[in-house]
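Student: Each chain is listed here by its residues.
2 protein chains.
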Amino acid sequence: MDPDRLARAALSRLMEPQDAAGLALVQVAGAVDALGIATGELKAGPELEREITALLADSGAATSWAGMAAALKRWQPRIPDLAPERDLATMARLGGRLIIPSDELWPAQLADLGIQEPLCLWWRGQEQPLPAVDTSIALVGSRDSTSYGASVTGDLAYSLAQRGFTVVSGGAYGIDAHAHRAALAGGAGAVPTIAVMAGGVDRFYPSGNEDLLRAVCNQGAVLAEVPPGSAPTRYRFLQRNRLIAALSAVTVVVEARWRSGALNTAHHAESLGRAVGAVPGSVHSANSAGCHRLLRDGGAVCVTDAAEIAELASPSGSALPEQRQASAQVQDGLTLEDLILLDALPLRSTTSVEKLAAVAGLGQESVRAGLGRLGLLGLAVSERGGWKRGKASV
Amino acid sequence: MDPDRLARAALSRLMEPQDAAGLALVQVAGAVDALGIATGELKAGPELEREITALLADSGAATSWAGMAAALKRWQPRIPDLAPERDLATMARLGGRLIIPSDELWPAQLADLGIQEPLCLWWRGQEQPLPAVDTSIALVGSRDSTSYGASVTGDLAYSLAQRGFTVVSGGAYGIDAHAHRAALAGGAGAVPTIAVMAGGVDRFYPSGNEDLLRAVCNQGAVLAEVPPGSAPTRYRFLQRNRLIAALSAVTVVVEARWRSGALNTAHHAESLGRAVGAVPGSVHSANSAGCHRLLRDGGAVCVTDAAEIAELASPSGSALPEQRQASAQVQDGLTLEDLILLDALPLRSTTSVEKLAAVAGLGQESVRAGLGRLGLLGLAVSERGGWKRGKASV
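Line by line, the protein sequences give chains A and B. In terms of the UniProt record's numbering, the first sequence opens at residue 1 and continues consecutively. In terms of the UniProt record's numbering, the second sequence opens at residue 1 and continues consecutively.
Derived from the structure by calculation, the hints contain no laboratory data. Check before you lean on any hint, since a few could be wrong.
A pair holds if it fits inside one copy or across any two, identical chains being indistinguishable in the list.
[Stated by the list, open to error] Derived pair list, reagent style DSSO-like, types lysine-lysine, alpha-carbon separation capped at 27 Å:
#1 Lys73 x Lys43
#2 Lys355 x Lys391
#3 Lys355 x Lys388
#4 Lys391 x Lys43
#5 Lys73 x Lys388
#6 Lys355 x Lys73
Bound conformation, chain A alone (with noise of 0.2 Å):
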């Protein structure tokens, strides 16, 4: 067995999630010695020390750092609950497996958290490359959705599926489960959705959410930093929104309260310099005042439907929704004499050149180069020497 894989399954249970302390330790030392060190069996020098505090104030994550000495009487009650071998089994055991940095199969774009990419991802369903970061997009909300959160959030997982997206969310009740159902049954790409769980992938929780969530390990995948048997506390539901949005290119929040475990997903998306769309609501439903409040602040683009999440995924536009130019109306282009000399022509009956011109407040020349210019565009037609609306304006 790779020590290196051994022992970044030992430290992820024996440090909470974004451990400022323990994730700059095993920069500075390496996962095998960083295990050493945090147990006890090797001893941490004054220079490891140093390295640690100038690579935690490098990276702003200084202020949780009280020294070595503090780090290691935080880690030390979990020393005895130790046995990766054991969790190793348990995941080959579920279908499953555990990838780190140094794999193939690793996301690259997690590296965009720096500081605080994951020691590791547990990582249960078919053995297939994990999406890139821009073809995945992160669907959240809050978990008592409204019905019309479940059918924004069922009409935009499936339509991104279908357009080969990868769907990203939790696995709670409400918008996630929405999200990732939705994504199943569009599915058209090799991974439709991924589930990130802030509690191990041992167990598919809550227990409503099973059989989707066995679902989701079928066709795409389930993935948490926290070895199996870990419970998903509020904690590492915070962290765990990290990891939602750093696999992403775009966070779309469909739903959320004032207060919302999915603004925190978006803030993490927007600190990771990716974009955050916010689906608009009712003024009324208190379901839809957090985003609001993220389109309020200013850091989340309006989205509507698929296609403006896929433009903002790809901003080049590639993806550019079509429709809505298509239903461009012929007199766009008009300058505002061509404006007023259309509103001048009657409907049913024709004109003469001299009543638009007085109508129109043009002089005749301007009202005959006029006519002619929407005459081209269909817009105006001639009768017996007389002038009227045509059916282009219509």
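Knowing the structure of chain A, use the given hints to seat chain B on it.
Tutor: For chain B alone, kept in the frame of chain A given last:
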């Protein structure tokens, strides 16, 4: 009779709103000489033409300038209709008046339109100062409003009027009418609402809004830049929109289709550097598609209630909404370690510091310090030597 006033009254009939050549001519030659030139009584020399050309080039309006000869031809057909004394008499009979930029009652904010500032305003309603820009809010939207649009408009207009704001809108069915109705009901200030018309103010158009517009006259003001008897053409609607935007600190689009005149008003506000608000709605409602377009294009701020609109009108923060800050939760300021500890605390039974250290993955000293902090906030309580959650956390 003041010759400047009389000349502007005449010019407003001769020229369409925002006739760049005409406005430049008035600016260069003054209204009285401009009328003389427009009617052929005075001759425009090449020097004057050069000045107009330069002025239009400066203001970016040169594209529609085809020389004085073309402008004279445009105005010529309407010369026989000129009867400014009759128009002024009509206004007096209707209890109204004409105001011009040199009047004390002229709304100073219209000067922000630059060369596009109207020549005059035909005004029905009591003679009282029109509100300053920072207390005026435009509420605009579709004629074919939904019940959602009607209810939101009603809430916003009533609540804005109650706060002493003046609502500015057009005179159409739908959002315009709902805005005036609710502002009249909520009106606490001197001028609760202003209707800016595309046609002459002698006629209340559309006729179905006659009673409403009469009430706006009685308590507020009905304004137009075109003289009595002018028809509300599409071109004049588009030009009228610039006045609604220029009169108001904020232009709020409550409901609008993907193509809607209300978006034109919003673009005028944007180009004046005024704030634009858009009310979100269902992604399934075609009547909100224009609002979402504004939000998406980045020019508009998402607004969901009167407090948020008031905030846009006075960005200094004096009108900041409060109710939401009050709902902040006591755990909002916690560090990550304390959040983890809070998660680990049982709700009913108590637990020991040692067990908390193992569950939370924290050192025992950190747990003790954290329990102290949580205890002060009422988030943790100690009972018979053990610890559990406090009432403030539940």
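Student: Hint by hint, say whether it matches the structure.
Tutor: Evaluation of the provided hints:
no., hint, result
1, Lys73 x Lys43, "within (14 Å within a copy, 95 Å between copies)"
2, Lys355 x Lys391, "within (21 Å within a copy, 81 Å between copies)"
3, Lys355 x Lys388, "within (12 Å within a copy, 88 Å between copies)"
4, Lys391 x Lys43, "neither (87 Å within a copy, 43 Å between copies)"
5, Lys73 x Lys388, "between (88 Å within a copy, 22 Å between copies)"
6, Lys355 x Lys73, "between (93 Å within a copy, 14 Å between copies)"
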